[in-house]
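Throw the hints in and build the complete structure from the sequences for me.
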Amino acid sequence: MSSWDDEDTASAAATTDVELLKRAWRNEKAAPEILRFDSPLVSRAREQIQLLEETLEDFTDNGVDDLVVSLYQMDLDRALFLLRSYLRLRLQKIEKYMIHISKSDDLMSRLSLQEQRFAKSCTEIMEKHLEQSVLSKLPYGYDSVTRQSLSSTEDDMVPEPQLDTFVFCKTKSDVGAFQLDDIGEEIVDLVADDLYVLRYKSIKGLVENGRIDLI
Amino acid sequence: MYGRRASQLLKELDSCEPGQLVVFNSDVFDQVVRECNEHNAQFQSLIRKMVDQNLDIETTRNEDHYGAAIHHLSLLRNKRCLIAYMYNRAETIQSFRWKLGPVLPHEIQEKLHFSEKEYFKNHSAAIKSYISEMDIDLTVDMVPPKDPYIQVRVLEDIGEVSLGDHSISLTKNSLHFLRRTDAEQFISQGLMEEFLE
Amino acid sequence: MAGQSDPHLSLFSPSEVEFVAEDEIVEIVPNIRMEALNMICGDFGPFFPQIASKVPLWLAVALKRRGKCTIRPPEWMTVERLTQVLDAERESPREFQPLPFHYIEISKLLFDHARDDISDAYLVRSLIEDIRDVRFHKVETGLETISGRTHAVKLKNLSAMEVNIVRPFMVRTLQAFYKHDSPQMIQQADNTGSSRSTPVTDRGPRRDLRHR
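Chains as they are written, first to last, in the working numbering: chain V, 1 to 215; chain S, 1 to 197; chain G, 1 to 212.
Incorrect hints may have been included.
Quick list of in silico lysine to aspartate or glutamate cross-link-like pairs, DMTMM-like style, CA-CA up to 20 Å [unchecked claim]:
1) G/Lys154 / V/Glu127
2) V/Lys96 / S/Glu118
3) V/Lys137 / S/Asp27
4) V/Lys204 / V/Asp182
5) G/Lys154 / V/Glu185
6) V/Lys29 / S/Glu91
7) S/Lys146 / G/Asp112
8) S/Lys121 / V/Glu131
9) S/Lys117 / V/Glu127
10) V/Lys170 / V/Glu208
11) V/Lys96 / S/Glu91
12) G/Lys68 / S/Asp147
13) G/Lys68 / V/Asp66
14) G/Lys68 / G/Asp112
15) S/Lys117 / V/Glu131
16) V/Lys29 / G/Glu27
17) V/Lys96 / S/Asp14
18) G/Lys154 / V/Glu131
19) G/Lys108 / S/Asp147
20) G/Lys156 / V/Asp174
21) G/Lys154 / V/Asp66
22) V/Lys96 / S/Glu17
23) V/Lys172 / G/Asp23
24) V/Lys170 / G/Asp23
25) V/Lys170 / V/Asp193
26) G/Lys138 / V/Asp194
27) V/Lys170 / V/Glu186
No lab work stands behind these hints: they were computed from the structure.
Fair warning: this is a prediction, and the values are worked out from it, not measured in the lab.
Below, the structure is given as structure tokens:
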């Protein structure tokens, strides 16, 4: 079967930070839970963006051709959109599962420092709001925000993402026979570039180490 | 019927357009809270009755036990509905910050419970805090960027117009390649339209 | 906020799918000379009149709109190739023919901004529309055949826009069968993941009553 894409430009493009940022953005969009913050990538992207912003200022000062300026401006706009979208998406995920995230050391460790502060603030603010408007008016023993009552044996009132939701994904290279469940009844052969719809929970690990992309 | 008023709150949430809010229903809300406290009073008195009869609360299964169980479960259900009501509304309020900015329009403010107004303010501040720590505004750029220039067709004779450092002649039916930001004012006045080849 | 994505619908808005597609590489023939562009998204050029060059689609369209180049339609966008693909699509009811992942977005952008560079543009366009229809119909019938607990679905050669459109239906169908093997439970499964879900996983009543 002939390949429709140019192999060389595809592999060259795959190593730019914009490509990596795009991949991080897509994974984050498709994953039900919050993924690990890619701090080095975000730093590099910001540096490049800042450099380009300064370059563009120089260009306009030095009367560089309008056309060239427009093109670099579009490149900048595209990179900025990706970066903003990525960060915003994560904030919105934190908003959605703030209590669940704040309670979990593992999940908190996936956040940047600023995101951790945001998660903690959000949770305090939400808890205060619920306390003030609902919980303080309920009888003793029923006033916890995370548990229905004192007789709950676990936190049964915390919204959590559904990790067993189905996601669309593709692997870049052959993964081969992969076990989807705990018992070994569900095995799937993951071939490079083929598109699969699988339970997120089963492939979580592959997403984390970059072997599979969510699309 | 226990739990019916609480269901009303949930039905209200459901009937609303996603991303919108209806007026906070203080009446029903307060009634549900009152019901919770009534259930608790009943629960307590049934338990006390069993204790007074020297019955082991943990193991006895008589009508008072089951009565108490019903009150407990009804209370729990009411609590879940109250929290669901507040929490879902809070999620919509969060989305307002992203869609509408840090100041809510009057029509929306009217629909909020006072605690919700405070919630919006505090939550907005948390977002603002993150934005300033990161030094990057996340409330702009909500849709992918397009070419800053667009092709336009002039609909009426406008004449000579100066744009930045040069001027152009906007005669009726002429086509121009302009910055979107420059064209917007004419487009919104119906003097120009965007033209796709 | 028409272009903004709604997580409860198709995950990516159409303009976001297009945005991703705009990074696909196409070939242009410039009519100007321009120095190399060292952009964040990559290095392209330098450009010489009449010398073909490879650039991302967004850049190609920008240059084309400013009259600085013509765009060479990709190899697959010819009447002959597309007719072959359409025939093959029709002949194999359970397979999708290989096409570029962004074939829909690429062709749309080229039709909108570079129609004059496509030979038999009208025919090419109508072939692509037919191909889209046949493929989409295949996805729909495929969904109907999902029964019982499915742990994986392979959708070889499905394209970006097609994935995005079919995603909510596919996920809901698979989820329904995953959670409860019996079809009557599909209604209930609809509540999971909806914006109206209460923040409680209903673990059922607890009977351990304690005296305070």
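Verification of the hints:
1. Note on G/Lys154 and V/Glu127: the hinted pairing is violated, with a Cα-Cα distance of about 44 Å set against a maximum of 20 Å.
2. Restraint check for V/Lys96 and S/Glu118: satisfied, since their Cα atoms lie roughly 19 Å apart, inside the 20 Å limit.
3. Distance hint between V/Lys137 and S/Asp27 is fulfilled; the C-alpha atoms sit about 15 Å from each other, no more than 20 Å.
4. Straight-line distance between C-alpha atoms of V/Lys204 and V/Asp182 comes to about 14 Å, which keeps the hinted pair within the 20 Å bound.
5. As the CA atoms of G/Lys154 and V/Glu185 are separated by approximately 17 Å, the hinted pair is consistent with the 20 Å bound.
6. Only pairs whose Cα atoms come within 20 Å are accepted, and V/Lys29 paired with S/Glu91 is accepted, the gap being roughly 19 Å.
7. Proposed proximity of S/Lys146 and G/Asp112 is supported: the alpha carbons are some 14 Å apart, at most 20 Å.
8. Distance check on the hinted pair: S/Lys121 and V/Glu131 sit about 17 Å apart at the alpha-carbon level, within 20 Å; holds.
9. Taking the CA atoms of S/Lys117 and V/Glu127, the gap is about 15 Å. The hint holds against a cut of 20 Å.
10. A distance of roughly 14 Å separates the Cα atoms of V/Lys170 and V/Glu208; the hinted pair therefore holds under the 20 Å criterion.
11. Proximity of V/Lys96 to S/Glu91 is assessed by CA-CA distance (about 7 Å); at most 20 Å being required, the pair is judged to hold.
12. With a C-alpha separation of about 15 Å, the suggested pairing of G/Lys68 with S/Asp147 holds against the 20 Å cut-off.
13. A C-alpha spacing of about 13 Å is found between G/Lys68 and V/Asp66, which places the hinted pair at or below 20 Å, so the restraint holds.
14. Our distance criterion of 20 Å between C-alpha atoms is met by G/Lys68 and G/Asp112, whose separation comes to about 17 Å.
15. Restraint check for S/Lys117 and V/Glu131: satisfied, since their Cα atoms lie roughly 15 Å apart, inside the 20 Å limit.
16. The suggested pairing of V/Lys29 with G/Glu27 is violated, with an alpha-carbon distance near 31 Å, which exceeds 20 Å.
17. Of the supplied pair hints, the one linking V/Lys96 and S/Asp14 holds, its CA atoms being roughly 19 Å apart against a limit of 20 Å.
18. For a cut-off of 20 Å, the pair hint linking G/Lys154 to V/Glu131 is broken: about 48 Å separates their Cα positions.
19. Taking the CA atoms of G/Lys108 and S/Asp147, the gap is near 16 Å; set against the 20 Å cutoff, the hint holds.
20. For the proposed pair G/Lys156 and V/Asp174, the alpha carbon gap of about 14 Å is at most 20 Å, so the pair holds.
21. Simply put, G/Lys154 and V/Asp66 have alpha-carbon atoms about 48 Å apart, too far for the 20 Å limit, and the pair is violated.
22. For a cut-off of 20 Å, the pair hint linking V/Lys96 to S/Glu17 stands: about 19 Å separates their Cα positions.
23. At roughly 18 Å between alpha-carbon atoms, V/Lys172 and G/Asp23 fall within 20 Å of each other, so this suggested pair holds.
24. Between V/Lys170 and G/Asp23, the direct Cα distance comes to roughly 18 Å. Compliance with the 20 Å bound is thereby established for this hinted pair.
25. As the CA atoms of V/Lys170 and V/Asp193 are separated by approximately 6 Å, the hinted pair is consistent with the 20 Å bound.
26. Of the pairs offered as hints, the one joining G/Lys138 and V/Asp194 holds, with about 17 Å between alpha carbons and a cut-off of 20 Å not exceeded.
27. Between V/Lys170 and V/Glu186 the alpha-carbon distance is near 18 Å, which keeps this suggested pair within the 20 Å criterion.
This entry does not satisfy hints 1, 16, 18 and 21, going by the numbered hints stated previously.
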